[in-house]
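The sequence shown begins at 1 in the numbering used here and counts up by one.
Bear in mind the hints are in silico, worked out from the structure with no lab data behind them. Bear in mind the structure is a predicted one, so any value in this text is a computation, not a measurement. Glycine residues also receive a C-beta, built at the ideal position from the N, C-alpha and C atoms. It is possible that some hints are incorrect.
Listed next, the in silico DSBU-like pairs over lysine-lysine satisfying Cα-Cα at most 30 Å (straight line) [said to hold, decoys possible]:
hint	residue 1	residue 2
1	176	94
2	94	21
3	25	94
4	332	21
5	176	322
Using C-beta positions, here's what the derived DEER-type ranges look like [what the hints assert, rightly or not]:
hint	residue 1	residue 2	range
6	162	195	27 to 33 Å
7	186	160	28 to 34 Å
8	54	252	30 to 36 Å
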Amino acid sequence: MNAHVYPPALDVEDDPRAWLKTLAKYRQPRIRRSAFELVVTLAPFALFWAIACYSLLSEFWPGLIAILPASAFLLRLFMIQHDCGHGSFFARRKFDDWTGRLLGVLTLTPYDYWKRAHAAHHASAGNLDERGVGDITTLTVAEYRALSPWGRLGYRLYRHPLVMFGIGPAYLFLFKQRLPFGMMRSGALPWISTMATNAAVLLLGGLLIWAVGLVPFLLIHLPIVLLTGAAGVWLFYVQHQFEETHWSAGEEWEFPQAALHGASHYDLPPVLRWLTGNIGIHHVHHLSSRIPYYRLPEVLRDHPQLAGIGRITLMDSLRCVKLVLWDEERRKLVSFRAAAAT
Numbered sequence: 001m002n003a004h005v006y007p008p009a010l011d012v013e014d015d016p017r018a019w020l021k022t023l024a025k026y027r028q029p030r031i032r033r034s035a036f037e038l039v040v041t042l043a044p045f046a047l048f049w050a051i052a053c054y055s056l057l058s059e060f061w062p063g064l065i066a067i068l069p070a071s072a073f074l075l076r077l078f079m080i081q082h083d084c085g086h087g088s089f090f091a092r093r094k095f096d097d098w099t100g101r102l103l104g105v106l107t108l109t110p111y112d113y114w115k116r117a118h119a120a121h122h123a124s125a126g127n128l129d130e131r132g133v134g135d136i137t138t139l140t141v142a143e144y145r146a147l148s149p150w151g152r153l154g155y156r157l158y159r160h161p162l163v164m165f166g167i168g169p170a171y172l173f174l175f176k177q178r179l180p181f182g183m184m185r186s187g188a189l190p191w192i193s194t195m196a197t198n199a200a201v202l203l204l205g206g207l208l209i210w211a212v213g214l215v216p217f218l219l220i221h222l223p224i225v226l227l228t229g230a231a232g233v234w235l236f237y238v239q240h241q242f243e244e245t246h247w248s249a250g251e252e253w254e255f256p257q258a259a260l261h262g263a264s265h266y267d268l269p270p271v272l273r274w275l276t277g278n279i280g281i282h283h284v285h286h287l288s289s290r291i292p293y294y295r296l297p298e299v300l301r302d303h304p305q306l307a308g309i310g311r312i313t314l315m316d317s318l319r320c321v322k323l324v325l326w327d328e329e330r331r332k333l334v335s336f337r338a339a340a341a342t
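Build out the structure end to end from the sequences listed, making use of the hints.
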């Protein structure tokens with residue numbers, strides 16, 4: 001058996017634009033692999049949902065533990081929807097879009113509306129002049145100090161873990177995404193996307209309620225959605241809210257630099273890496289969002305020098321929660337306490 005031949009190494013300090021060409025060869029999806037990924041994610045989600053529901057109806061309480069894997073597989077379905085939004089799952093626009101729209105009914109995420117907001121996030125991540133669309137609000141130390149006492153309190157509440165990972169995801173998935181907030185005047189598509197998704201959710205929910213009853217449906221599906229939402233927001237948070245992330249403004253901001261250094265490599269254990277669709281390899285994803293998630297490990301295998309850029313472990317990520325302000329002088333995210341000390 002021939003050993004794997006690695007391409008010539010690039011220095012991580014080279015112009016990040018060089019990586020754009022290097023990564024282009026990974027952008028082609030494998031259609032059978034994509035279909036396989038969809039099946040091995042959708043089928044277990046349905047199975048665990050059914051197990052949890054049957055356990056509830058049978059009063060076999062230990063079986064309700066199935067809510068946890070059901071939530072994990074729903075999160076993975078969202079990652080597939082995410083790849084569809086980038087046109088990287090099947091690399092066929094109609095297939096990607098309709099797969100994403102159908103999955104959006106399960107994830108409670110209007111696909112076309114979300115796709116547009118997420119594209120804005122990718123186009124402006126790490127740009128201090130373009131904050132506010134598809135990202136987590138992050139103030140600079142100077143901006144925070146310029147707020148009124150009530151403004152500071154509001155920002156502190158917004159960044160509190162209970163709000164960020166508890167109330168926030170519930171509001172986002174159950175209420176905010178039912179209307180095209182932020183795109184009310186952006187044409188018909190955001191409205192069609194949200195209203196069609198809402199109608200499909202009501203139809204599917206109505207069928208399940210007819211089959212199992214209202215209370216069992218809510219007792220099963222609401223925890224699944226809320227757990228999935230919290231995990232999804234957590235992943236999105238730590239992928240950009242880490243100490244050595246990159247923010248810049250004006251002409252200093254450049255897409256390749258911001259993508260490579262403004263997104264983390266969230267180095268998760270193998271099982272979590274699989275369940276999250278390798279989204280932790282986020283710096284590579286931002287550099288080349290057309291790479292299918294199942295090919296991202298290939299990039300790190302072939303270019304191991306990328307693995308150390310922005311790398312945070314599971315334990316490291318827990319400390320990221322306190323990082324809430326961008327210090328423009330020290331060029332790093334800092335806590336409220338650290339900001340007050342300067």
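So, going through the hints one by one against the coordinates:
1. Simply put, residue 176 and residue 94 have alpha-carbon atoms about 27 Å apart, close enough for the 30 Å limit, and the pair holds.
2. Straight-line distance between C-alpha atoms of residue 94 and residue 21 comes to about 26 Å, which keeps the hinted pair within the 30 Å bound.
3. Of the supplied pair hints, the one linking residue 25 and residue 94 holds, its CA atoms being roughly 22 Å apart against a limit of 30 Å.
4. A distance of roughly 29 Å separates the Cα atoms of residue 332 and residue 21; the hinted pair therefore holds under the 30 Å criterion.
5. About 26 Å separates the Cα atoms of residue 176 and residue 322, which keeps this hinted pair within 30 Å; it holds.
6. Roughly 32 Å separates the CB atoms of residue 162 and residue 195, a value that falls within the hinted 27 to 33 Å.
7. Separation of residue 186 from residue 160 is about 31 Å and conforms to the stated range, judged on CB atoms against 28 to 34 Å.
8. In this structure the supplied range 30 to 36 Å is violated for residue 54 paired with residue 252, their Cβ-Cβ distance being about 57 Å.
Violated hint: 8 only; the structure is consistent with all others.
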